[in-house]
Structure formats: C-alpha cells, structure tokens
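Student: Letter by letter, the chains look like this.
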Amino acid sequence: MSRGSPVLRMAIITLAAVVLVGAVGIVWLVNANGFSARTLPTPVERVVMRAVHRWSVPSAARGLKNPVAFSPEAWAESRAHFADHCASCHGNDGRGNTEMGRNLFPKAPDMRLPSTQDKTDGELYWIIENGIRLTGMPAWGKGGTEDADTWKLVHFVRQLAQLTPDQLKEMEAANPKSPAELQEEKDDERFLAGEDVPPPVAPHHH
Amino acid sequence: MKQLLSVIALVLAVSAGALAHNGNEHVRGVVTAVSAQAVTIQLADKSTKTLSISAKTEFENSGKPAHLTDVKIGDRVVVDVPEHGSNALLIKVGAIAKK
Numbered sequence: 186m187s188r189g190s191p192v193l194r195m196a197i198i199t200l201a202a203v204v205l206v207g208a209v210g211i212v213w214l215v216n217a218n219g220f221s222a223r224t225l226p227t228p229v230e231r232v233v234m235r236a237v238h239r240w241s242v243p244s245a246a247r248g249l250k251n252p253v254a255f256s257p258e259a260w261a262e263s264r265a266h267f268a269d270h271c272a273s274c275h276g277n278d279g280r281g282n283t284e285m286g287r288n289l290f291p292k293a294p295d296m297r298l299p300s301t302q303d304k305t306d307g308e309l310y311w312i313i314e315n316g317i318r319l320t321g322m323p324a325w326g327k328g329g330t331e332d333a334d335t336w337k338l339v340h341f342v343r344q345l346a347q348l349t350p351d352q353l354k355e356m357e358a359a360n361p362k363s364p365a366e367l368q369e370e371k372d373d374e375r376f377l378a379g380e381d382v383p384p385p386v387a388p389h390h391h
Numbered sequence: 370m371k372q373l374l375s376v377i378a379l380v381l382a383v384s385a386g387a388l389a390h391n392g393n394e395h396v397r398g399v400v401t402a403v404s405a406q407a408v409t410i411q412l413a414d415k416s417t418k419t420l421s422i423s424a425k426t427e428f429e430n431s432g433k434p435a436h437l438t439d440v441k442i443g444d445r446v447v448v449d450v451p452e453h454g455s456n457a458l459l460i461k462v463g464a465i466a467k468k
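Protein chains in written order, with my numbering: chain E, 186 to 391; chain Y, 370 to 468.
Just chain E, with the same shape it has in the complex (with noise of 0.2 Å):
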C-alpha cells in the first residue's frame, strides 16, 4: 500500500494546520465578541438565505392564482390586517423602519423592492402562510391554500406603492397599542378635557 509522496503529504498536513489555524480563529473570534443580530448578514449568510427563501416555497405553490378579486373593500380589509398584525416589524408602508423590524436578523425587508415584488402572488401566500425558517416571519396561518384573508395580505402587499398619507395614518390607529400607551391617551384625553393628570412618560425602547 502506498503511503503517497513527502510533497503530498507535507501539502495535506499544511493544509489541515491551515484549517485548523482558520478554527481555532473562529472560535477565538465568535467567543470574544459573540453574535450580534444588530450586525447585517455576512455575504455568506446572505447567499444561504437565499436558498432557504427559495427552497422554502415548493415548486407548485409559486404557481398559485390569488383566488380573492381585488376590491376597495378587500384592500381596506387587508390595511387594518396588515396594521393589526404585521406592522409591528415591516411598519405600515412595508419598509420594515421599525424598532422591531431593523434590529431582526436578518432586518425586515423593504417590501416595495424587487426582492419582494419580484416574488409571485403563490410565493408570497406561502410566505405569509406558513412563514420562513431562521428569520423572524412566523407563520401566520394554517397552511392551506384558501386563506381569504391571506390572499387580500398579498394584495396589500401589491399595493404598497399606492398607500396615501390618509390612508397609512388610518392604519396607525389600528396598530397594537401596549397598555402604557392606551393609559397615556386616556391621560391625553383627560388633559384635554381640563383634569389634571401626571405629565406623559417619554417613549422607551426596550
């Protein structure tokens, strides 16, 4: 049995130091300055979410039809929806310039972009639907395939770009409030009326 040529061999013991070498300095690194979700996706991150993105719709769902017409009706349905429960972290204009939405890993995307619009009404069902793995969308419903109020989010999200100023501050008044906030436009309120109520705790971030 050959053992292989002194070069040969002298080539595979430096590369396994190389490697070795290259380990030893991950580790070194990612235990002195640990993970950060503030950080943006390394060009590696960002090329394997890629693929998961892709992977993650199946093939006959990216061909889906959004079964749902659009109306004025479904739109303004999709507007209090999409406020209710999405704004949080891709903001009511879809740009994800929230607190929550730019701190995620990876950060909301920028909806009205092509990496968005470029996807099919199928994907972006499946999307919404069942949500993407190792981000921060979860999944919002069943995993069927005829979720009106599903289809009308798709819509939405197709109409982004004509959201009015008129339209985005109704949404605002649909949006979550936490307990604070109602309690401080009750205060509001009860100042305006004449009372005396204690003067308003400043916005906090965490």
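Which stretches of chain Y does chain E cover? Using the computed rule of at least three CB atoms under 8 Å from a CB of chain E, they are:
# : stretch
1 : 406-417
2 : 450-463
Keeping only pairs whose Cα atoms sit at most 25 Å apart, straight-line, the calculated DSS-like set for lysine-lysine is:
#  : chain 1 : residue 1 : chain 2 : residue 2
3  : Y       : 441       : E       : 371
4  : E       : 362       : E       : 292
5  : Y       : 425       : E       : 354
6  : Y       : 441       : Y       : 425
7  : E       : 371       : Y       : 415
8  : E       : 327       : E       : 304
9  : E       : 354       : E       : 371
10 : E       : 371       : Y       : 433
11 : E       : 362       : Y       : 433
12 : E       : 292       : E       : 304
13 : E       : 371       : Y       : 418
14 : Y       : 433       : E       : 354
Treat the hints as calculated values from the structure; they're not laboratory data.
Since the structure is predicted, the reported quantities are computational estimates derived from the model, not experimental observations.
Glycine included, C-beta positions come from ideal geometry on N, C-alpha and C.
We have chain E; now place chain Y onto it with these hints.
Tutor: Positioned in the frame of chain E, the structure of chain Y alone reads:
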C-alpha cells in the same frame, strides 16, 4: 393554532410598547404663545417648550380636523413631536386652562 396565533399576537402587542406612538413623544401643556411658525407651551413643571409649526403640522379639536387659528393662548394642547425633535406633527386642542 388559534392559541398559537393569540400568543404571537399578544407578544407583538406587548412588544409594540417599544414603538410608542411610532417613535413620537407627546408634549402636554398650556399655550403661552402661538404664531404661524411656532407654538410655545408651558408644561406641568412650569418650564416652557417651543415647537415649530410647518405646513405639515396637523391640527385637531375634539377629534375633528382643525386649523392653526383654533390654537389660542391659554388652551390646553397635546402635541405629537418626533422623539428628540421639536417640530410639531399634530396639535390636539382641548379646553381652556383652569385659572
């Protein structure tokens, strides 16, 4: 599944506390001066704060759209301003301050 969705919705609702007023602060006080450019308000601690008014500033009185002319000295107001900002986004006008 409904329970799961309820839990997620609850978590999101509670977490939204971090998004208080979409990052805006409320300033409550009594108007001591008002012009087309700014409104000065006396706060509960008797300090004053001057907030700028722009074409984008909205006005509201009893939940209905109002105008700058509806803001008078002595009125109680609640003003939405961006966090760490001084430009008034929305001025809600209320009762005349107690003497």
